[in-house]
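These protein sequences, in sequence, are chains A and B. One gets the numbering used here by counting positions in the first sequence from 1 and adding 79 to each. One gets the numbering used here by counting positions in the second sequence from 1 and adding 79 to each.
The hints are simulated quantities; they were obtained by calculation from the structure and are not laboratory data. Any given hint might turn out to be false.
When chains are identical, the list treats them as one kind, so a pair holds in a single copy or across two.
[Said to hold, decoys possible] Computed list of lysine-lysine pairs in PhoX-like fashion (alpha-carbon distance at most 25 Å, straight line):
(1) K157 <-> K97
(2) K164 <-> K104
(3) K157 <-> K128
(4) K164 <-> K132
(5) K164 <-> K128
(6) K164 <-> K129
(7) K104 <-> K128
Below are the chains, spelled out letter by letter.
Protein chains: 2
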Amino acid sequence: MLIIAAYDISVTSEGGPKRLNNVAKTCLRYGQRVQNSVFECLINDLEFKKMRKELTALINPELDSLRFYNLGHNYEHKVIHIGTKDVQDLSQPLIL
Amino acid sequence: MLIIAAYDISVTSEGGPKRLNNVAKTCLRYGQRVQNSVFECLINDLEFKKMRKELTALINPELDSLRFYNLGHNYEHKVIHIGTKDVQDLSQPLIL
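Using the sequences and the hints, build the whole thing.
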């Protein structure tokens with residue numbers, strides 16, 4: 080199934096840049112980066128559960144936000160892209 | 080139906096901050112901001128078409144990215160949120 084994972088990490092808070100880096104790294108293990116803080120992950124239920132657990136342990140729940148959307152198995156016609164597909168340097172904090 | 084709209088705007092490019100501002104304003108007319116660059120829009124087909132057209136006209140397609148996900152009508156169990164729901168100051172360029 081296709082899972083969309085999006086996050087907002089409070090990088091100005093203590094430990095924020097490290098959390099951002101760890102969250103991004105973890106997302107990259109499960110899927111493809113399509114925007115700075117949005118990933119598309121072709122994973123099964125078990126992997127999705129594991130991903131959620133790992134990400135939940137990484138964030139500060141009072142400051143950071145994770146949001147997941149389950150597009151199921153028939154996702155081909157549910158995704159529309161407009162504009163550039165270039166991905167910026169992922170090793171640096173990103174300015175949106 | 081529930082449409083997820085996500086964007087990456089190249090704010091360091093010429094006119095970038097203005098495009099970011101215009102794109103965010105347009106998204107706000109169609110839905111609710113759930114993360115800095117992610118909106119959830121409860122709209123019909125016609126509104127979705129209109130929204131795409133407006134946003135496409137606002138961005139620089141060589142630098143900016145728009146991505147839409149259609150979660151359909153039965154979206155209640157397709158969305159998972161973890162962490163804070165606070166939205167930061169939207170009038171400033173945001174560092175993620």
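Notebook entry, point to check: Can you give the numbers of the hints that this structure goes against, from lowest to highest?
Noted result: Violated: hint 1 alone.
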